[in-house]
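Residue numbers (our numbering), protein chains in the order written: chain A, 1 to 473; chain B, 1 to 473.
Hints listed in this document are in silico derivations from the structure and should not be mistaken for laboratory results.
The structure presented is a predicted model; accordingly, all values stated were derived computationally and were not measured.
Be aware that one or more of the hints could be misleading.
Identical copies go unnamed one by one, so any copy, or any two together, can satisfy a pair.
Said to hold, decoys possible - Pairs of lysine to aspartate or glutamate, EDC-like flavour, derived with a Cα cap of 20 Å:
#1 Lys452 - Asp175
#2 Lys452 - Glu407
#3 Lys452 - Asp103
#4 Lys452 - Asp180
#5 Lys452 - Glu266
#6 Lys452 - Asp332
#7 Lys452 - Glu257
#8 Lys452 - Asp321
#9 Lys452 - Asp231
2 protein chains.
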Amino acid sequence: LNAVAAADVAHFAGLGIEVEDAGSGQLGARYNVDMLGRYAGDASVAVFPASTAQVSQVLAYCNERRIGVVVQGGNTGVPGGAVARRGEVLLSLRAMSSVREVDPVAGVLVADAGCVLADLDAHVQQFGFIVPLDLASRARCMIGGNVSTNAGGLRYLRYGSMHGNVLGLEAVLPDGRILDALSTPKKDAAGYDVKQLFIGAEGSLGVVTAVAIALAPRPRATQLAVLGLRDFATVQRAFVQARHALGETLSAFEFWERRCGELVVEHMGHPSPLAAAHEYAVLVETRGAIERHDAEKMDAFLAALRADGLVAEAQVLRAPDAVAAAWRFRSDMAAAHARSGCMHVYDFSLPPRHQAALRDATRRHLAALGLYGAADSLVTDVTVFGHIGDDNIHLQIVAREFGGAIEDVVEPWLYEWVGGHGGSVAAEHGLGAHKAPFLRYAKSPVIIDTMKALKRLLDPRGIMGPARHICQA
Amino acid sequence: LNAVAAADVAHFAGLGIEVEDAGSGQLGARYNVDMLGRYAGDASVAVFPASTAQVSQVLAYCNERRIGVVVQGGNTGVPGGAVARRGEVLLSLRAMSSVREVDPVAGVLVADAGCVLADLDAHVQQFGFIVPLDLASRARCMIGGNVSTNAGGLRYLRYGSMHGNVLGLEAVLPDGRILDALSTPKKDAAGYDVKQLFIGAEGSLGVVTAVAIALAPRPRATQLAVLGLRDFATVQRAFVQARHALGETLSAFEFWERRCGELVVEHMGHPSPLAAAHEYAVLVETRGAIERHDAEKMDAFLAALRADGLVAEAQVLRAPDAVAAAWRFRSDMAAAHARSGCMHVYDFSLPPRHQAALRDATRRHLAALGLYGAADSLVTDVTVFGHIGDDNIHLQIVAREFGGAIEDVVEPWLYEWVGGHGGSVAAEHGLGAHKAPFLRYAKSPVIIDTMKALKRLLDPRGIMGPARHICQA
Numbered sequence: 001l002n003a004v005a006a007a008d009v010a011h012f013a014g015l016g017i018e019v020e021d022a023g024s025g026q027l028g029a030r031y032n033v034d035m036l037g038r039y040a041g042d043a044s045v046a047v048f049p050a051s052t053a054q055v056s057q058v059l060a061y062c063n064e065r066r067i068g069v070v071v072q073g074g075n076t077g078v079p080g081g082a083v084a085r086r087g088e089v090l091l092s093l094r095a096m097s098s099v100r101e102v103d104p105v106a107g108v109l110v111a112d113a114g115c116v117l118a119d120l121d122a123h124v125q126q127f128g129f130i131v132p133l134d135l136a137s138r139a140r141c142m143i144g145g146n147v148s149t150n151a152g153g154l155r156y157l158r159y160g161s162m163h164g165n166v167l168g169l170e171a172v173l174p175d176g177r178i179l180d181a182l183s184t185p186k187k188d189a190a191g192y193d194v195k196q197l198f199i200g201a202e203g204s205l206g207v208v209t210a211v212a213i214a215l216a217p218r219p220r221a222t223q224l225a226v227l228g229l230r231d232f233a234t235v236q237r238a239f240v241q242a243r244h245a246l247g248e249t250l251s252a253f254e255f256w257e258r259r260c261g262e263l264v265v266e267h268m269g270h271p272s273p274l275a276a277a278h279e280y281a282v283l284v285e286t287r288g289a290i291e292r293h294d295a296e297k298m299d300a301f302l303a304a305l306r307a308d309g310l311v312a313e314a315q316v317l318r319a320p321d322a323v324a325a326a327w328r329f330r331s332d333m334a335a336a337h338a339r340s341g342c343m344h345v346y347d348f349s350l351p352p353r354h355q356a357a358l359r360d361a362t363r364r365h366l367a368a369l370g371l372y373g374a375a376d377s378l379v380t381d382v383t384v385f386g387h388i389g390d391d392n393i394h395l396q397i398v399a400r401e402f403g404g405a406i407e408d409v410v411e412p413w414l415y416e417w418v419g420g421h422g423g424s425v426a427a428e429h430g431l432g433a434h435k436a437p438f439l440r441y442a443k444s445p446v447i448i449d450t451m452k453a454l455k456r457l458l459d460p461r462g463i464m465g466p467a468r469h470i471c472q473a
Numbered sequence: 001l002n003a004v005a006a007a008d009v010a011h012f013a014g015l016g017i018e019v020e021d022a023g024s025g026q027l028g029a030r031y032n033v034d035m036l037g038r039y040a041g042d043a044s045v046a047v048f049p050a051s052t053a054q055v056s057q058v059l060a061y062c063n064e065r066r067i068g069v070v071v072q073g074g075n076t077g078v079p080g081g082a083v084a085r086r087g088e089v090l091l092s093l094r095a096m097s098s099v100r101e102v103d104p105v106a107g108v109l110v111a112d113a114g115c116v117l118a119d120l121d122a123h124v125q126q127f128g129f130i131v132p133l134d135l136a137s138r139a140r141c142m143i144g145g146n147v148s149t150n151a152g153g154l155r156y157l158r159y160g161s162m163h164g165n166v167l168g169l170e171a172v173l174p175d176g177r178i179l180d181a182l183s184t185p186k187k188d189a190a191g192y193d194v195k196q197l198f199i200g201a202e203g204s205l206g207v208v209t210a211v212a213i214a215l216a217p218r219p220r221a222t223q224l225a226v227l228g229l230r231d232f233a234t235v236q237r238a239f240v241q242a243r244h245a246l247g248e249t250l251s252a253f254e255f256w257e258r259r260c261g262e263l264v265v266e267h268m269g270h271p272s273p274l275a276a277a278h279e280y281a282v283l284v285e286t287r288g289a290i291e292r293h294d295a296e297k298m299d300a301f302l303a304a305l306r307a308d309g310l311v312a313e314a315q316v317l318r319a320p321d322a323v324a325a326a327w328r329f330r331s332d333m334a335a336a337h338a339r340s341g342c343m344h345v346y347d348f349s350l351p352p353r354h355q356a357a358l359r360d361a362t363r364r365h366l367a368a369l370g371l372y373g374a375a376d377s378l379v380t381d382v383t384v385f386g387h388i389g390d391d392n393i394h395l396q397i398v399a400r401e402f403g404g405a406i407e408d409v410v411e412p413w414l415y416e417w418v419g420g421h422g423g424s425v426a427a428e429h430g431l432g433a434h435k436a437p438f439l440r441y442a443k444s445p446v447i448i449d450t451m452k453a454l455k456r457l458l459d460p461r462g463i464m465g466p467a468r469h470i471c472q473a
């Protein structure tokens with residue numbers, strides 16, 4: 001790939017495209033470092049196309065000249081996929097932020113890729129809908145990035161994946177051709193579902209410029225309870241009961257271990273929603289059409305848990321402020337870890353029967369390596385929290401420094417452990433800047449070969465980042 | 001492509017694979033004609049591999065010798081994609097029908113492609129789940145075919161598409177390589193979601209041999225009402241009200257026009273669930289966790305419809321027999337048309353704002369061509385029924401003969417009309433034997449070019465049917 005030259009920057013500016021270069025203080029602070037501060041970017045120029053046609057012009061030009069491109073939305077990604085690592089042109093979708101259409105009968109939203117998730121959610125509420133996706137980074141992340149990373153998040157349990165909820169999208173291929181797959185009907189079995197390739201491709205097959213999303217009816221009532229539970233097996237038993245007793249209203253079943261809660265209290269200053277300390281906490285939320293029905297269901301569920309001796313403490317929160325505070329407590333969990341040290345976060349899926357063992361095995365492995373367990377160990381905390389019901393576990397290794405032994409020694413072991421237990425090495429955060437080489441622990445050679453063939457088919461010159469993309473798998 | 005020779009048949013038999021050839025009376029009756037009798041197949045041999053390894057052996061052999069292969073599941077497809085049209089080897093999944101695993105905590109089913117949908121649904125009920133897919137052909141269709149055709153069906157409104165519900169699959173590529181993507185965790189953002197390509201590919205990129213599906217909790221209560229409504233605008237208004245009033249419990253909102261009901265009464269002998277005749281009928285179903293809550297919601301919804309003057313007749317059915325009879329009435333609608341004459345069925349998606357115009361425009365077009373409206377016209381009926389809420393309309397043109405003017409003159413006009421109104425030319429039935437050339441009315445050239453490139457990438461020798469596959473688009 002060729003480096004970006006001054007003539008290239010002048011070319012983009014000449015097309016009327018907004019450009020920032022390394023001379024600007026903004027570039028480094030806003031676009032050249034990831035949200036968690038782990039990945040330093042090296043882009044010397046960022047471009048801000050304001051239309052699909054401008055995205056097409058940028059890509060056609062870069063493809064012709066073999067200049068690398070990294071796509072960035074809200075820059076809230078965890079594994080570093082949205083920062084340039086080889087001096088690529090940074091293509092930000094920030095200037096494409098219009099809602100194109102809301103169809104209130106069909107319940108469909110069509111929006112530019114640069115729309116912020118929380119803004120879209122607020123916008124569609126007036127029509128009686130919600131966006132079927134919610135993330136802790138809702139106030140900054142953008143819908144194009146959500147789709148491109150196949151974001152899972154907090155509403156997955158109720159509304160499912162982007163592969164089901166994205167009805168259509170518009171993408172610009174690396175050679176500049178515009179792929180208009182922005183159809184809105186829900187059922188479509190006409191040929192291969194080409195748009196699916198861009199869901200989760202992290203900008204490596206082209207740039208998603210707009211999306212059509214199936215909205216969900218806005219629930220009229222919310223019930224929330226925070227439970228204190230004694231062990232992980234109990235968390236899982238409580239989930240199975242919740243799924244059958246709360247049925248169609250169950251909208252979230254989040255868990256965290258004791259230490260995660262302590263870190264939030266300590267570093268974010270939020271009070272715990274539980275009175276006592278418990279090995280595990282669970283946040284159960286239902287969202288439904290009729291308040292009284294949902295309250296009855298929640299009460300009956302909690303009564304059954306108590307009758308079975310499964311719950312040590314239950315706080316039912318009904319005041320909107322208390323509900324918001326409980327969600328803030330959960331949402332700020334990653335941030336609390338990041339403030340407590342150098343957070344290495346791992347985003348795995350695992351079948352439920354193997355979830356309990358992950359953290360314990362990691363602690364043992366780290367201790368055996370002399371990295372954990374003593375007062376001056378490199379690693380200060382190993383914790384898990386996540387989304388029960390969608391098999392998604394976040395493992396945090398908080399250390400005194402980034403990388404080093406954790407990247408070199410622990411990560412290969414960790415990815416192999418997860419792959420060997422039927423899990424995915426990237427559940428909802430994507431491969432980003434460095435996970436491609438670990439794909440082989442979780443995906444068969446034929447799958448990886450097919451991924452590589454798809455990359456070569458759609459991006460034959462290999463201009464689309466991230467740097468260590470699928471062909472390094 | 002090469003024709004199948006006696007030596008090829010002997011080779012398959014020598015591998016221990018069950019084979020039927022043209023000498024058998026079964027072949028013609030069971031495998032060489034589609035369910036609706038429109039497409040006559042010309043396979044001279046059918047193979048019945050009993051394992052993924054045997055499927056791999058068949059494909060590797062056929063790929064090497066450039067022998068065409070058409071994949072068949074339950075042979076319940078509508079557009080003829082599962083019958084051989086160029087003398088291909090017919091590969092039936094009938095002998096692969098084992099349930100591989102049910103995980104009752106995760107709520108995941110892993111099953112061979114040849115499992116019958118209704119059998120799977122019955123199997124998982126003991127664990128408190130249902131399969132999130134239901135079709136009129138449930139007793140014969142197979143899960144591999146459901147996935148391969150991206151079947152939509154009656155539960156789409158509640159549970160969404162196969163693209164969201166299929167967690168993993170195993171497929172044999174045309175060259176015989178086995179693609180093991182049979183993972184079960186719900187969230188997975190590790191690289192490109194290769195399995196999505198096989199969902200809706202109708203066997204043209206390889207053979208789906210097993211699938212992992214996310215199950216839904218089994219509802220404990222069912223409410224069903226059949227409504228008589230005066231026009232299609234009222235059907236849509238009632239749907240919007242239902243979606244918001246019944247919220248998370250709404251599980252079906254099916255409609256049919258008066259003539260569809262008459263045909264079911266006349267040709268299937270089922271009594272109408274409505275006392276009077278209405279221009280449109282709607283079947284509203286809710287499925288939830290607590291009977292009393294759901295009954296209250298349904299009653300409140302119907303009271304609001306009556307208060308707004310939107311409903312001419314409402315029959316609330318609570319007895320299991322009456323519920324089953326109403327569903328049978330709806331499910332047998334296509335069969336009733338087929339018995340009344342030569343049914344040409346069209347399976348479109350359309351944005352709601354254009355749905356009302358489709359049938360009327362079709363009638364006008366047929367009448368202008370002299371094909372409809374007189375006592376001796378070629379076309380005897382033009383009707384619509386379908387699934388409100390997932391934008392899926394089935395249009396039936398019943399004629400005195402198959403093909404002819406309808407195929408040559410009406411279909412191109414029809415597909416162009418649908419494409420021009422933002423619809424899909426195949427909503428839930430696939431492209432099958434003859435729709436590929438009409439793709440261009442609904443998909444942009446860049447999408448179609450990408451589809452063709454994917455076909456050439458995964459099936460470079462073009463052995464996988466159906467005959468008029470994507471490269472004829």
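Results for each hint:
1. In this assembly of identical chains, Lys452 and Asp175 lie within 20 Å of each other by CA distance both inside one copy and across copies; the values are 18 Å within and 17 Å between.
2. Taking the closest pair of Cα atoms, Lys452 and Glu407 never come within 20 Å of each other, the shortest separation being 24 Å inside a single copy and 41 Å across copies.
3. Taking identical chains as interchangeable, the C-alpha atoms of Lys452 and Asp103 are never at most 20 Å apart, the minima being 38 Å within one chain and 32 Å between chains.
4. With identical chains, the CA atoms of Lys452 and Asp180 are at most 20 Å apart between copies only, with a shortest distance of 16 Å across copies and 24 Å within one.
5. Taking CA atoms no more than 20 Å apart as the test, Lys452 paired with Glu266 passes in neither setting, with 45 Å inside one copy and 56 Å between copies.
6. Proximity of Lys452 to Asp332 under the C-alpha cut-off of 20 Å is found in neither arrangement, the shortest distances being 36 Å within a copy and 46 Å between copies.
7. Proximity of Lys452 and Glu257 under a CA criterion of 20 Å is satisfied in neither setting, with 38 Å inside one chain copy and 50 Å between copies.
8. With identical chains, the CA atoms of Lys452 and Asp321 are never at most 20 Å apart, being 49 Å at best within one copy and 54 Å at best between copies.
9. In this homomeric assembly, Lys452 and Asp231 never come within 20 Å of each other (Cα to Cα): the closest approach is 42 Å inside a single copy and 52 Å across copies.
Of the hints listed earlier, those the structure fails to meet are numbers 2, 3, 5, 6, 7, 8 and 9, in rising order.
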